[in-house]
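Q: Which chain is which? The protein sequence lines are L and U, in order.
FYI, the numbering for the first sequence is 1 to 343, going by this note's numbering.
FYI, the numbering for the second sequence is 1 to 343, going by this note's numbering.
No lab work stands behind these hints, which were simulated from the structure alone.
Treat the hints loosely; a few may be bogus.
Said to hold, decoys possible - As a list, the in silico SDA-like pairs of lysine to any residue whose alpha-carbon atoms are at most 25 Å apart: (1) L:157 - U:203; (2) L:194 - L:227; (3) L:86 - L:18; (4) L:86 - U:124; (5) L:194 - L:228; (6) L:194 - U:85; (7) L:194 - U:84; (8) U:194 - L:269; (9) U:194 - L:76; (10) L:157 - L:125; (11) U:124 - U:339; (12) L:157 - L:203; (13) U:194 - L:210; (14) U:194 - L:121; (15) U:157 - U:85; (16) U:194 - L:18; (17) U:194 - L:125; (18) L:194 - U:157.
There are 2 protein chains.
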Amino acid sequence: LSRLRVAVDAMGGDLAPREVAAGVVAAALESPALEVLLVGDEALVRPLVEAEPGGRGALAEGRVALLHAPEAIGMDEHPVEALRRKRRSSIGLALDAVREGRAGAFWSAGSTGACVAAASLGLKRAAGVRRPAIACAIPTRRGVSVLLDAGANVAPKAVDLLHQAAMGAAYARVVLGAAEPTVGLLNVGAEEEKGTELVREAARLLAAAAPALRYRGFVEGHDLFRGTTDVVVTDGFTGNAVLKAAEGQAELHLERFRACLLAAQGGDEGRARAALGPLARDMDWAEHGGAPLLGVEGVVLIGHGRSDARAVRTGVLAARRAAEADLAGALAAAVAALPAVAA
Amino acid sequence: LSRLRVAVDAMGGDLAPREVAAGVVAAALESPALEVLLVGDEALVRPLVEAEPGGRGALAEGRVALLHAPEAIGMDEHPVEALRRKRRSSIGLALDAVREGRAGAFWSAGSTGACVAAASLGLKRAAGVRRPAIACAIPTRRGVSVLLDAGANVAPKAVDLLHQAAMGAAYARVVLGAAEPTVGLLNVGAEEEKGTELVREAARLLAAAAPALRYRGFVEGHDLFRGTTDVVVTDGFTGNAVLKAAEGQAELHLERFRACLLAAQGGDEGRARAALGPLARDMDWAEHGGAPLLGVEGVVLIGHGRSDARAVRTGVLAARRAAEADLAGALAAAVAALPAVAA
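Generate the whole structure from the sequences, applying the supplied hints.
A: Structure (structure tokens):
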């Protein structure tokens, strides 16, 4: 059996390292094709792994291996400064393992900024890609769509949006199972003359990229959750605002649904919780495994800061699948198939 | 009794003119301080008003007056071209009434683009304001916040965001009842160096505008529905995307929660509907009366395209209240209180 190794940042996220350790052991036990390199403060992490059911066995069999990292980057630290100061952080050492081929994928629920900066600095750029982008899978009426960029590149050029389209479509096909992913460009209206200069120029590049891309034109904000296209491309400023606003709104809705259901069930908390269960999980953004940083060589998944053991398990398994499906190879092929654009 | 007159576009919106006529009559009957100038195809509109309970009386007493407009602008027409071709549209004639002082406010559920273009061309710019902006009131955990710009100005300068802050705060105070409205600037993170050039420059202008503005610094997407600040300022591209995405997500969530509640109530549709009632209304964006175009002389409210009679009534009453509270005067004073900025 050839196992795929995922390097996991044990120290990242609000519930680290406890929930990360628990999620990693659960993932290793669930998938025989998975090995985890768990990177963090070994004195903290080892007892947590050993305390999990099956944890000692997983360590003994090498299904979970520990790599000591003496430092960790906090959620509120300035990413680039922290990386410069902390040369042996859990994020940095886990990415080193990917760069050096000791792991096929990376997963962290730590600082998005630090993960993006460390991966951008530490891993090679994928061939032909000017700037990496964060892709976020969102639950829609028709299944799942991919929105990118979620914030890696707040002031892109039109050619970056073209690359995002190709990378997003490759991700949708290889990881999310969309057979022939369609692409839309986020705008404030459907008419040709709408929007900013950036959007109009990107629209021309996207239209000219057929048949490499299945570009369907402008989409608007409401198309996102309708699932009008499999991939929606936008700048990292807008994408970040849309995604964080939607997440905040989902939290508010969930709270209100809970109260409404509780009242309807005559105050029976257990029944209300059971009735809301699947919907609540679907609405919880931490449950969706993590957002990949596309455009670097290797699989880099960034989990939600609130990730609990369940979300960590989902994320680590998703990272393994993405590496196994050769997401990086599919990306490179998709970008190579684009017509050349003068930058 | 001195009555305030609101000019209403009878022909705008998916459910016009029937639901507009019904909502207008309901508003006039509810508020003795209101007169409506209902502008549209009189042959269509008069019978609809007369068919409403109290409609004939409202016409006879002049509580509802009809103004014939032989043309209407469709939702899908190009705004500026349509305005050029149709000189006597319901939107155009209703705004003429505001410009000429025959009405104190305007309300339409028609094409947002046509309303913005017609108001920008037809009404004077408010003193000191470079570009008008659409403000949208959104339901938050703490009550209501105002996000602007919702799409009138997709490529603003930093000084436009400064004006938006002052106008949004005036609107929050005068119409929404926020005693000392706070202002946040939408960004991708809280740290000073985050975001685009535009955002960093706007942050400097906003910080320098104390004490005229209660500026609280950067806010992120998730702060929006938390109600972290009373006013959130952003460019019209991002604002439009955020608001339309949130509206689409709210529709999806409501649909799913309805199904969940129905299952929990053993398939009893009546009980499920009753349990969901107030929450569903709160989550329905058409229920919130309309978004004002701030920065033109006069009160201009743009209702949701899906507005039914109830939403029209809410919107017309909101337009009356805004005019009575002298929203336009409060805006002008707020902008005049800002420090001068070289454009």
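Q: For each hint, tell me whether it holds in the structure or not.
A: Quick rundown of the hints versus the structure:
1. L:157 - U:203: holds, 23 Å
2. L:194 - L:227: OK: residue 194 (chain L) and residue 227 (chain L) at ~21 Å, within 25 Å.
3. L:86 - L:18: Judged against 25 Å, a Cα distance of about 22 Å means the pair holds.
4. L:86 - U:124: The given pair, whose Cα atoms are some 58 Å apart, is violated under the 25 Å limit.
5. L:194 - L:228: holds, 19 Å
6. L:194 - U:85: Holds - the C-alpha atoms of residue 85 (chain U) and residue 194 (chain L) are around 20 Å apart, at most 25 Å.
7. L:194 - U:84: holds, 18 Å
8. U:194 - L:269: With Cα atoms ~42 Å apart, residue 194 (chain U) and residue 269 (chain L) exceed 25 Å; violated.
9. U:194 - L:76: holds, 13 Å
10. L:157 - L:125: holds, 17 Å
11. U:124 - U:339: holds, 22 Å
12. L:157 - L:203: holds, 12 Å
13. U:194 - L:210: violated, 35 Å
14. U:194 - L:121: holds, 18 Å
15. U:157 - U:85: violated, 31 Å
16. U:194 - L:18: The hint is violated at about 31 Å.
17. U:194 - L:125: holds, 23 Å
18. L:194 - U:157: Holds, at about 18 Å.
Checked against the numbered hints above, the structure violates hints 4, 8, 13, 15, 16; every other hint is satisfied.
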